[in-house]
Amino acid sequence: MALPKYTETRYRVWHYFYIGICTFVFFFLIAPLFVIFPLSFNAEEFLVFSEGMKRLDPDAFSLRWYEDMIYGTKNPWGLAAKNSFIIAIFATLGSVILGTVAALGLSSRHMPYKGLIMATLISPMIVPLIISGVAIFFFIAKVGLAATHLGIVIAHIILGTPFVVITVTATLSGFDHSVTRAAASLGSNPVNTFMKITLPLILPGVISGGLFAFVTSFDEVVVVLFLAGLDNTTIPIQMWTGLREQLSPTILAVATCLIVLSVLILVSAELLRRRSERLRGINR
Amino acid sequence: MSSETNKILTTDGIPLEESLKKAERKNKIKAFLLVCPLLLFLIITYVFPIGEMFTRSIDDKMITNMLPNTFKSMENWDGQEMPEENVFENFYIDFKKLVQNKEHGKLAQRLNKEKNGFNTILKKLFRQIQRNKIDESGSFKEQITSLHKRFNNVEYWRAIKRTAPPYTMAKYLKGMDLFIDENGGIAQVEEDRRIHRILWLRTLEIAFFVTVFCFLMGYPIAHLLATLPMKYSNLLMICVLLPFWTSLLVRTASWMILLQQQGIVNDFFVMIGLVSDDNRPEMMYNKVGTYVAMTQILLPFMVLPLYSVMKTISPSLMRAGKSLGGTPFVAFWKVYFPLTIPGIGAGCLLVFILAIGYYITPALVGGASGTLISNQIAYHMKTTLDWSFASAMGLMLLTGVLVVYWIYNKLVGVDNIKLG
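Chains as they are written, first to last, in our numbering: chain A, 291 to 574; chain B, 9 to 428.
Please keep in mind that the hints were generated in silico from the structure rather than gathered at the bench.
If you're wondering where the values come from, they're calculated on a predicted model, not measured in any experiment.
Hints should not be assumed to be uniformly reliable.
Footprint (simulated), chain A over chain B, 3 or more residues, beta carbon under 8 angstroms [stated by the list, open to error]: (1) 145–155; (2) 364–373.
Counterexamples of contact, computed for chain A against chain B with all Cβ distances above 12 angstroms [claimed, not checked]: (3) 439; (4) 491; (5) 520; (6) 521; (7) 565.
Note that beta-carbon positions come from the ideal geometry of N, C-alpha and C, so glycine has one too.
The task is simple: from the sequences and hints, build the whole structure.
Here it is, written out as structure tokens:
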């Protein structure tokens, strides 16, 4: 953003002020994440940068908190990670299947009561989480699924489907329906058409919706706090209890792993978004 | 009958109009069937339970079922004088049955909530029944009123009559620090016990200011992202998207590290000489911590809708504004800013609604002042197990959110919401 030479001084000052504000905000957004990273390699138990770390002394750094995370005695993280992944994977599968099928119906121009149904389908995203939590808890408790994996999976499917519905309907809005008609006229049945023609074309949208659903489930703590028993603790629950009792370096080691995971998810989501934009561009 | 003969027919001999209608209907059903699984799933697991929250929040059937005969005989009592003998008799019959089923404790608890002092006198009556001291052929009114002077006080009988309807608004009133007093009117609880009103106001205040801070910080960077060349803006976009995809608890943890007394923010303040080393300010476990952490966490939800709107505004509009004689400020204010209003609306709505239901971050970094209405709901769900009160407060919060939506829809239109 180079300024033209004829810019008046006051606009020049304003421009640098604006750049300054933006730099500050970007720093404010991203810097907190980078604090965790070095501190998780701290050789000491305190959550401040030790003198050794400031001098970059190799002895001040260690992997002991990562060892504690994996091998520590009575360590909850292994079970929590296993539960989190199982729950998130099944919740994602459920959300993606239900959400994609519903989105196919919703983007048909023949759909009756579209507005009302769309509002119902995305309501779990709009209603504050705590209220959804209370309602879902009443349902799960009534059918006797409290403190089971299945109960939490159902809860997370409810919370995850709106994202799939939104991303897939958005992808389908640029979808050229004449290709499915062409497939049908060539003798393909609807299921075959969906698998061979529609799905490959909307796949980026489906996957990015799935990523949203995965992250929603993997990061969800409010509803799980109501539903989980001792056997279903997840990573967010462990972090929540840990942060409430005492901020330990082991939590930072876990947090670092989670940041790495979110970088991976961010990269795949971005690649998918670009691919989907490119595809939509061609279809237009 | 010329119109009859002019009708276009399909090859099957059916009029085209009819055939098209049939196809249309078939398509409608097809589309609806596709939506059906998710719709049914959500209605059963989500929409009905929210309805159940409502019935739970006003439900007061327990006592109606406990004292059926008493309430029936009280129907004709006007509540002015002491009730007649038959009311006392029926109350005795109902209470004796409860004693046999060992449910009298529940009744005492419920009535004590209605009016203090029931616990003692019902315990007295319970002991009399256990020892078979009540003569069932004599006057019940005389025997019961002689047990305790409160049984002779008409106010206690009025309190019983008030519990007769199978529903109650008491939980909603409690959520606003109100209650139904002896005369059946609505009164405020004592001043030092008005906790809920403080929580509602604090929740609103925090949601409002977090929205304002997010707007003030989000607008400039969304503008920068939308106007920079693609290769730079994609790089900077990571700064917005990485926090967006990172776990909420991780971000809260990082703020706990930054804001602690020996933390980096305080170190920095000491270094530039803003505060002295032995007088480091407490930045966590108060409102400052809540505002800082929540603003950072919710900022992406402001930036993304703003960015997607700003991206569609052609830069030539600003140039046109300037070329027509406007200064850059005027051109911005008269041309650019009005065009971004849908984005501002969507961003503010998202942030406000997320903030108003916030729970985790304030509970961790807010200390005592970080207790918001959501924490209170969770507390009643998990600790006191007063689920009907939790439901009532949840529905009050939901009503508030829906009102915000309604206002937003009137002002901007919900259709303008975009996700990224």
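The hints, checked one at a time:
Check on the segment 145–155 of chain B: 0 of its residues sit with their Cβ under 8 angstroms from a Cβ of chain A, so the three-residue criterion for coverage is violated. With 6 residues having a beta carbon nearer than 8 angstroms to a beta carbon of chain A, the segment 364–373 of chain B meets the requirement of three or more and the stated coverage holds. Remark: the non-interface label on residue 439 of chain A is consistent with the geometry, its nearest Cβ contact in chain B lying 16 angstroms away (cut-off 12 angstroms). Every Cβ of chain B is farther than 12 angstroms from the Cβ of residue 491 of chain A; the closest lies at roughly 17 angstroms, confirming the non-interface assignment.
No beta-carbon of chain B comes within 12 angstroms of the beta-carbon of residue 520 of chain A; the shortest separation is about 15 angstroms. Non-interface call for residue 521 of chain A relative to chain B: holds, since the shortest CB-CB distance, roughly 18 angstroms, exceeds 12 angstroms. Every C-beta of chain B lies more than 12 angstroms from that of residue 565 of chain A, the closest at about 15 angstroms, which supports listing it as non-interface.
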